[in-house]
Structure formats: structure tokens, C-alpha cells
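Protein chains: 2
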Amino acid sequence: MKLIADNLRITKLSIQNALAACDPKPVQQLMFQCEKKGIFAIDVNTGPLTRFPEKDMTFFIKAVESVTKLPLLIDTSNCVAMEAGLKAADNKVIINGFSLEPDKLETILPLAKKYDADIIGFLLYPNSMVPKDVSSRCEVALELFEQVEAAGITKEKLIIDPVVPPLAWEDGIFQAKAVLEVIRTLPELLGFKVKTIAGLSNLTTGAKNREKKNLVEQSYLAMLAAAGLDYIMMDVLNHKTLKAAKTADMLVKGSIFSWGMVS
Amino acid sequence: MKLIADNLRITKLSIQNALAACDPKPVQQLMFQCEKKGIFAIDVNTGPLTRFPEKDMTFFIKAVESVTKLPLLIDTSNCVAMEAGLKAADNKVIINGFSLEPDKLETILPLAKKYDADIIGFLLYPNSMVPKDVSSRCEVALELFEQVEAAGITKEKLIIDPVVPPLAWEDGIFQAKAVLEVIRTLPELLGFKVKTIAGLSNLTTGAKNREKKNLVEQSYLAMLAAAGLDYIMMDVLNHKTLKAAKTADMLVKGSIFSWGMVS
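So the sequences go chain by chain: A and B.
Numbering (the working numbering) for the first sequence: 179 to 441.
Numbering (the working numbering) for the second sequence: 179 to 441.
If you are wondering where the hints come from, they were derived from the structure by calculation, not from laboratory data.
Please note that a few of the clues may not be correct.
Put simply, identical chains are the same to the list, so a pair is met inside one copy or across any two.
Heads up, simulated DSSO-like pairs for lysine-lysine below, C-alpha to C-alpha not over 30 angstroms straight-line [as the list claims (entries may be wrong)]:
{"hint": "1", "residue 1": "335", "residue 2": "215"}
{"hint": "2", "residue 1": "265", "residue 2": "335"}
{"hint": "3", "residue 1": "386", "residue 2": "431"}
{"hint": "4", "residue 1": "373", "residue 2": "333"}
{"hint": "5", "residue 1": "247", "residue 2": "292"}
{"hint": "6", "residue 1": "233", "residue 2": "386"}
{"hint": "7", "residue 1": "180", "residue 2": "386"}
{"hint": "8", "residue 1": "180", "residue 2": "355"}
Use the sequences and the hints to build the structure in full.
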């Protein structure tokens, strides 16, 4: 289970200010902190960037790439910003992401072919609603897979995000269990070792008690790892959650050397 | 996933002294502490009690039952002590346990029928060696199941312990993963919802670093819960591990009320 930092987000005031001032330093400092944690990639969550999609996305890509060679996930729903990011990037890029929404199929999916990039597919209905149970999530996964093949994209480029629900939803825990089952089931369903990704922060949306939020995240992390998840997107600067992720990964990978490290 | 305290052990000096002095107080005090943690049952781990098996086992059972109505697991390899415990107990009893060792099949297994008690079966070869992989563990489970049926014991009385390995074993992590897979697989293999139990403390045998030991236990606990484990036997006075067990159980049980409790 590889770690992807979700720490670079436009929703943070410091990042908004950095963009407004065209000042790469706050972005660079954040990248320094994250890279030290032994991560695999960084999610560049810019939001839609509706005003200056090309200029603003280029600012973020250049700011990040000025300090790291790590792969980048370009995380925007705006296809103009997405293409600007794909053009600007020198590092390996993963498109984050598309779904069965008609707009996404028409504008985002083709970019994966054009730029030979990996692409994340969300298990969501065309109207952006979340499928409720395991079998409806699997149906959506099959449909995503068919769309990828139809677009002429190699199937290995697809990374599926089964969409971790907030536990505060009425059926949140039921859905969180469904996500685990889907991760376990997908490779057999699709007939190849399809890669999967999950975002951890959504799980505890709205939770106020920090200690209990950590406990729930750590527990679910271990369950995701055991289910066979490939990529976990999370706050890698949360020391406790980071340790839990690395411990779970050690148990799943099964190296005696790594156990030596914790004994 | 129900909690079983493994805290009452003859290996503790205070418990040895209590037995030598026929003083139930240390046992009773330990029981008070454990019962407050919301446990399902208590493992009474007396060891073989070779000198006075009947008298000594009766001491333990009476000491425990003087302060609790919880179910007891009688944890001894000595069939004389085991039968003394079964005779002495008023609380519900689970025999802990038997395996394919010829001696256990002959002397322990029949006690489950005679006293109408649940019985734990260990996934061990007749020579007490641990099977290495998933399929050999499953073969042993089938053999245990056949022995239970042949002894005229209702299959629902069987609780399978897949034997959690120490991670410090050369193939410990590989086997710990096999245990998870076995727990997930057994109900389908045996054709009914067979109950499973696991002892957590074995996992980190020999680990010196307390923080890392806790991290590994917490992570593996979540994986066991997600695999469908019914009973976890553990140190219920370890505050951190206890919280992790309850959190994992909440995620697996899927009650929105329990999420409310942690938000």
C-alpha cells in the first residue's frame, strides 16, 4: 500500500494565498515536509480553478516540481485545468479523476489517452450519486472498465477509487464495509490485478474528537491494507495515522526485515 | 468480535502465589478489573496443574465465579484438571482446547460431549506443529470438524483457533496473513457459520518496543475483525489495544449509533 499525500489542497488558506501572490514557497515547504515521510506521490488538489485554469494550474505544477521528482495526481474537475497540468508536468502524472458522468467521459477520459497518463476512475453513477452496495459498485466498475477500453486506453492505466463514505452518513458504516469488499473483489471481477486507491479523510468528515477520529482512521487503514488496497491518499503529516499506515503495510507485505524494524 | 480476557495466567507470579496460599483475592481483583472493560468471557489459563489438578483447578474456578457470572474458558492441556473445572463450574464453560494430537482427541474432545460445552479446536498437526499455509490449515480444519462430528458433538459447539504466529518467526508475517485468509474462508469451507477465535498476544512475542508492539497489535486486530473473527483473546487491561479492538468492532458491526459514540 503506497502513500499519497492529500496535504496540498486549495481549500487551505495558505495555499490560496500562495496562488494569489504567485509565491511558490508555501507549496514548496509543504512538499518538503510531505516528501520526508516516505510517500509515493502527491495529490495536487487545485479545485476547479475557474478564473485562470491554465495559468493557475501551471503555477501549482511548477511550484511542486521545483522541489520534487515524485509522481503527481492532478486533482481537478476542470478539463481545461487538467490539460494545462498535463502539459506543464515533467514528473509522472496520474489524472484524478473521471467517472461515468457524461461530461467527465467526454472531456477527462480522452486526456489519459492523449498524454499516456494513469487515470483514477470513481465508482459513482452518471449523476454523481454513490452506489449503495457491493454489487452496484461492481456494476459501475465494469462500466468504467468498458469505457476505458472503448477510449483505447490500456487497462493497466486505470486505478479504481471505490469512494470511501463519511461514517456520519446514515448507512456510512455499511458502505465502508462495502468498499472493503469491492477492493477485495475487483481483481477477480475485472480479470486482472486492477489497482485501487482510497481517500481516508472522507471517512471521518464531521468528527470532532481528534483521538477517536485517529482511532477510526487507523482501524480502517488496516482493513483497507488487508483488503489489498494499492494506494492510500491521506494526511501524511498526521504522525499517528502515518505510523498506522506503515505498520499495516508491513503486515500485508510480509517482510521479516520490516518486522525486525518494529521489534 | 467479542473480547475475551487473557489476563488470568498461571505464569504471573501473583497468581502462582494466590494458588499456593489458597487466597482468592488476587484472582478476584483481577476479575473486577477485567469485567469493567466490557468483555464477553475470561480465559482461565492454569497451565497443566500437574501436582493437584483437581484441587487447584477447583480453587481457580471458585475464585473466579465468586465475583463474576461471565463465561469461562478453561485453558489447560491436562484432562484431569479440565474435567475438574467442568465439574466445578456453574458459569457457562468453553473448553480451551483440543487439537489433532491423539492424546487430546482421546481425553479432551469427549469432555465437550459429556459436559455439553463449547470447545476450541486448534489448527495444529497431530504432532503439534503449525501448518504453514492457508490450504494446509484448511485441511486441518476439515479434519477437526470430522472429529467433532464423529464424537457426536453438535458442530455449532466447535470454535476454531487458527493459531496466530509470532511475527518473529522466519515466515511469521506470511503465516499471519494466512490466518486472516483462513478466518475468511472457513465458513464457506465447512458449510456453516463456524465460529473463530484468535489469541493476540502471540503475535508480538519477543517484541521489546512497547509502542511498536501496540501499533502492530492494533493493526492486526482491525484485520482480524474485518476478516470476520468472532472472539479475540487479549490483554484487556492494555488501554490502547482495548480501544483499537472496540473501534474495529464498531466498523465491522456497522451501527450508526456506535459511530455517533466516537464522533
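Consistency of the hints with the structure:
| no. | hint | verdict |
| --- | --- | --- |
| 1 | 335 - 215 | within (26 angstroms within a copy, 48 angstroms between copies) |
| 2 | 265 - 335 | within (18 angstroms within a copy, 65 angstroms between copies) |
| 3 | 386 - 431 | between (33 angstroms within a copy, 22 angstroms between copies) |
| 4 | 373 - 333 | within (10 angstroms within a copy, 40 angstroms between copies) |
| 5 | 247 - 292 | within (22 angstroms within a copy, 69 angstroms between copies) |
| 6 | 233 - 386 | neither (37 angstroms within a copy, 54 angstroms between copies) |
| 7 | 180 - 386 | both (28 angstroms within a copy, 27 angstroms between copies) |
| 8 | 180 - 355 | both (21 angstroms within a copy, 19 angstroms between copies) |
Comparing the model with each numbered hint stated earlier shows that hint 6 is the single one that does not hold.
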